[in-house]
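Undergrad: First to last, the protein sequences are chains A and B.
Those letters in the first sequence? Residues 1 to 211, per my numbering, in order.
Those letters in the second sequence? Residues 1 to 186, per my numbering, in order.
Just so you know, the hints here were simulated from the structure itself, not pulled from any lab data.
The structure displayed is predicted, hence computed values, not measured ones.
Positions of the beta carbon are idealized from the N, C-alpha and C atoms, including for glycine.
Watch out, some of these pointers could steer you wrong.
[Unchecked claim] Straight-line C-alpha distance at most 25 Å; calculated BS3-like pairs for lysine-lysine: (1) B:153 to A:102; (2) A:87 to B:153; (3) A:36 to A:87; (4) A:36 to A:102; (5) B:153 to A:36; (6) A:87 to A:102.
[Unchecked claim] Derived list of chain A stretches under chain B, where covered just means 3 residues or more per stretch with a C-beta under 8 Å from a C-beta of chain B: (7) 77-90; (8) 185-199.
Here's the letter readout for the chains.
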Amino acid sequence: MSSVEDEGYLFFRQKTRTLALTTLPGQRSDVRLLAKQELFGSAAIIDGVVFVASFGFDHVWPHEQEIVAQQLTPFSLDSLRDYNAFKELDYFAETCQWIAEKRLVSQPHSWPRWLLVIVNKADLFWSQLDDARAYYTPGSGSAFDEVAQQLRGQLGTLWPLVYEVVPSAAVSTDYVFSPHRGDLRATSQLQHWACRASIRSLGGTLEGLSG
Amino acid sequence: MASSSEQPSGWRPPAKRGQTERWRLASGDDVEACLVAAERLLAQAYEGQRHEQNVRIATGSLAFVTLGSLAGLAFAFAQPDGVGSLATVLTGSATTIGTVALFMRLAVPRRRSRRAQHVQLVLAQDLASMVGNVFLDVANREHWSVFRMEAYKLRLSAFPLRTPRYDVSHPADGGRSRSAEGGSDV
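Generate the whole structure from the sequences, applying the supplied hints.
TA: The structure is reproduced here in structure tokens:
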């Protein structure tokens, strides 16, 4: 999650197209609320929405580690991942709600046409990729998929929202969560070249969706 | 000096966690109290900022009027027929000294109050961040209504963005807050 609102451009390899990206902060704050109102209000035109998931390996800021650690029973990596996955699901439901609201307040040409879920940090759960697929893939019937299908049901067939899920690993880095209760770690299982390949693949997916 | 036998009967060394004491999870009351405190601190910080802005405008206006007065006095002093040289010099000196004293009176507490506002704001953000981390878990455990959860989300949206502690520098030190974490959800 970003702690500031960022704006940038994604240049595709063919250089025939660029994609303007706006990153909203994950933390609930005035900046997030205002950016949401601007983007999902009546004026802005959105091509698509990217939701970044992490299959429970969400980054916990150092100043939040002790509080999060207090909530884990038992204190284990699985508990932490469940905790993160629960928060992630709530954020995803909120994002889906924004998309549904956008349809109510704006003209059809400004509605997002696709929703891409990037399951990031795949290097940390590469050996559990099937579990991740079962959780995120459309039609899997998981709690995450239920939220997505609920959104598609709300939108109906008049506004077919393309929904895709892709795994990715931006960098090969170990996951470390180290409050006073102890250290929880997950080792990266991918090499750097594999991470770079996943990013290239992600670029291709984005190009395909926005084209 | 009291001996160990005179210590209160309830006194005992802190127990090692995990052996005799279970981790106590936060409750809905804890979260509510924390959020109310955060909102109060945020309101105080904003009120302080508003007051400081009023003081800034007042001192700016005062400086403008003082400069105008001094210019008028200088003009009067330069007149050949004279309006009274000694009276002009005395008035000019008194105006300058009074203005400098007033500036000192306003400027010194301003710096102190800016620091206090900064502390209030950081504390409010810290508390809101704690609530943001915990309330979903508590809501799930205590089966909160959707209404209550949505209300909490909206209340948390009133707080300014929390930047990592190591990036926060005091405005009086000339620092700027900047974050380096990438990625997003939208």
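Undergrad: Against which earlier hints does the structure fall short, listed by number upward?
TA: 8
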